[in-house]
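Chemist: Residue strings, one per chain:
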Amino acid sequence: MENLSQILGRFGGVYLLPVGLALGAFVLIGAPASWATLTIAGLSMGMMVFLMASGLSLIFGLMDVLNFGHSAFISFGAFVAATVLSALSGWVGADSVFLNSMALVFALLAATSFGLAAGWFFETVIIRPVYHDHLRQILITMGALIVSEQIILALWGGTPITVLRPHFLEGAIILGNVSVEVYRLFAFALGLVAFIGLYLVLNRSRIGLLVRAGVENREMVESLGFRIDRLFIGVFMVGSALAAVGGAMWAGYETLITPALGGEMMIVVFIVVIIGGLGSIEGTLLGAIMVGLTANYVGFLAPKLALASNMILMTIILLWRPNGLRPAVK
Amino acid sequence: MTLLSLNNMKTDIGQYAVLHGVTLDIPEGGVFVLLGRNGAGKTTTLRSIMGLWTPTPGSVTFRGADITGLHTADIARKGIAYVPENMGIFGGLTVEENLILATDKGRFDQARLKRIYELFPALEQFWTKQAWSLSGGQKQMLAVARAIIEPRALILIDEPTKGLAPSIVAAMAEAFREISQNATILLVEQNFHFAKSIGRDMAVIDDGLVAHAGTMADFAADTELQERLLSLSA
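Chains as they are written, first to last, in the UniProt record's numbering: chain A, 1 to 330; chain B, 1 to 234.
So here's chain A without its partners, still in its complex pose (with noise of 0.2 Å):
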């Protein structure tokens, strides 16, 4: 007797569960209207959680590390970008597309440019003391994490910041009786652009290869004669610039911060890379999705349910594949 591992292989495999979840959503929810609302902010939420687990997934998986202090990227990220929207504040305002876009195009860069260097930093000062050592790289990245918060203190205050959108992404398109988020539609393009763009790295290039095969086996990419360290330093610059990204789209999408945010997020985060497996941009995309889905269609159905829906999705998958559902390694 078949089992479902492969019923679901000759259908597409697990890539065919967000389709069944949302299927299955639609049948519960039963108004078309809200069920599509609910899909797109679902995907939407789980591209801007993409863009913040995949960098983690990646230094998980490549580097083994357990860094606890990714979440601070993700709350710089935030507090970055709004301060460069707020100082930009009259092209984001302002009844022009182009104004608007450079707005958002340097806050994006800026804190692009904060999660590379400070990726850096991190990997070198702190990680790299720590590296084969679990217990003592989750007790110096929950320090780091602790530093973090309280220098976002220091600088913005412990009151929430209002993030400012700009213009052009206010307002929604209405099409039919559903009615569509202008932001959440580009925080899911983003998303999907970045998905794109890390998947051809990792699936056509050299580097890619690399960091491909030193998530498998650090020791063999060695002996090949590649200085696996230095693509260290680069793979965690990327996934900590990504997270700073993902955080400055959160902020424009909760359009009220704290410097909890990270910290909150990082749940979440957590359980998007366990439900996708370690080191699996793919992965990672197919629980971040999961995650958004089924926080959103919990959310309406259940709403007492909500807050617990991301921890029972992660063990009804962890008991049905206890590696995610699509680990790097096998």
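Hints are computed from structural coordinates only; laboratory data are not their basis. A portion of the hints provided could be inaccurate.
Pair by pair, the computed Cβ-Cβ distance ranges are [unchecked claim]:
| id | chain 1 | residue 1 | chain 2 | residue 2 | range |
| --- | --- | --- | --- | --- | --- |
| 1 | A | Y15 | B | W127 | 19 to 29 Å |
| 2 | B | Y117 | A | S34 | 54 to 64 Å |
| 3 | A | Y15 | B | A170 | 38 to 48 Å |
| 4 | B | Y16 | A | D64 | 16 to 26 Å |
| 5 | B | R63 | A | I267 | 52 to 62 Å |
Computed footprint of chain B on chain A; a stretch qualifies when at least three of its residues, placed anywhere within it, have a C-beta under 8 Å from a C-beta of chain B [claimed, not checked]:
| id | region |
| --- | --- |
| 6 | 211-217 |
| 7 | 281-287 |
Positions of the beta carbon are idealized from the N, C-alpha and C atoms, including for glycine.
Knowing the structure of chain A, use the given hints to seat chain B on it.
Modeler: For chain B alone, coordinates are given in the frame of chain A:
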């Protein structure tokens, strides 16, 4: 002419001293076999040469240059390939990707690739398959092919026949004979009959020291020595 010299190589793993002063000269060309009982230090010798464990004190000299303490990647770049006991195959990568990763410039020398296909036809057959789906013997073929996809002066191979079917072992012996015409193979092997069939020179490692070194022909003829060093009965 000596290709590789190990001079008083001592290696500790954690708090355990595994090599107590290995001194050995590996001549250029042919197959040099390291024999010894389990836990004698054969694998540690290979890993120390590759820089995966750093010998302190002691030195490793390759083509006259001291490579002690160099990074593993730099040692590999000097022309030393390594096939570990667990084969070190990247299961999530295809056969093609496993091989292209081992090329110097990311593209194949078609003549070498053709020769690899002739030595290991299964690799061509499973070219686009992910390596985890290969059988144990095919994985070993891929591991060896990866070591010779570029010209290397020295190839370190750790127990390649372990768990393989006799037909695969015979194919592997044939491949090693051919490879050793253009490169030196330093082979760690427990299967004495296999080692005897392809080895030109040999050494026995015992308790982290070289207990005996010489030609394979002499060692194969001395059953008393085999019994004493390897517990092999005639």
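Chemist: Hint compliance check: list the failing hint numbers for this structure, sorted ascending.
Modeler: 7
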